[in-house]
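Chains as they are written, first to last, in my numbering: chain A, 2 to 160; chain B, 1269 to 1344.
Incorrect hints may have been included.
[Unchecked claim] SDA-like, lysine to any residue: derived pairs with alpha carbons at most 25 Å apart:
#, chain 1, residue 1, chain 2, residue 2
1, A, K93, A, Q122
2, A, K51, A, A97
3, A, K99, B, K1343
4, B, K1314, A, G143
5, B, K1314, A, L32
6, A, K99, B, E1333
7, A, K6, B, T1293
8, B, K1343, A, L32
9, A, K95, B, K1343
10, A, K50, A, G143
[Said to hold, decoys possible] Some chain B residues close to chain A (C-beta under 10 Å, calculated; not the full set):
#, residue
11, G1280
12, N1282
13, P1284
14, K1292
15, K1314
16, A1318
17, F1319
18, G1335
Read the hints as simulated data drawn from the structure, not as lab findings.
Glycine included, C-beta positions come from ideal geometry on N, C-alpha and C.
Listed here are the chains, written in short residue letters.
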Amino acid sequence: MEQKKLAIIATKGSLDWAYPPLILGSTAAALGYDVEIFFTFYGLQILRKKLDLKVTPLGNPGMPMPMGMDKWFPVLGTALPGMEAMMTAMMKKKMADKGVASLEELRELSLEAEVRFIACQMTVDLFDLNRNDFIEGVEYAGAARFFEFAGESDICLYI
Amino acid sequence: MADFDQELDASGLNCPLPILRAKKTLTSMETGKVLHIIATDPGSVKDFEAFAKQTGNELMESREEGGKFHFLIKKA
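Based on the sequences and whatever the hints tell you, model everything.
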């Protein structure tokens, strides 16, 4: 049986949205898939050596809030200073309590399972990012490089 | 429960960690050896079925006991 291929584009850099590409990528690799993840725009944050991703209730009515705050808290309140830091701390604690892997761990497991990480060179230039800020083992390339693999893939996801 | 060669306690771990840990452990085992996995994630029941089906490793047993899920997987 020929090895199946999974191609993912990771475009978001918040704590919650960093999970799907890493969970799906690492799991697919464990199932025997050949996996490539192309990190572009805010998705590049997932490749930083030191991860400091945040989650925010701002503009996200689907986010469950503690103590029923989503029911009585005015929408504008989610923009208050400190709200993002508080929600991020609570989310991280909740994840640890429920045995959900940290992003660092999922990223490490993905690389161990030979998932290939490709960083969008254009975004690196656009935001004046430095390759030294990113983890080792990342390939830097453009859209054509993504299609080289994605064109042959069995599953292609945009996250 | 049938005999097994190695054990992996994935209790308290959530998706996809039980699968990732199981895969890692199986990689270090020889063909024909049996891995006993203990998990508490209810989603792992369907996940280990799917894992076995897609990787060719045989799911010999899957059962719940005392609030925990037990799986026996034979390495292909």
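Looking back at the numbered hints, which does the structure fail to meet, lowest number first? 1, 3, 4, 9, 15 and 18
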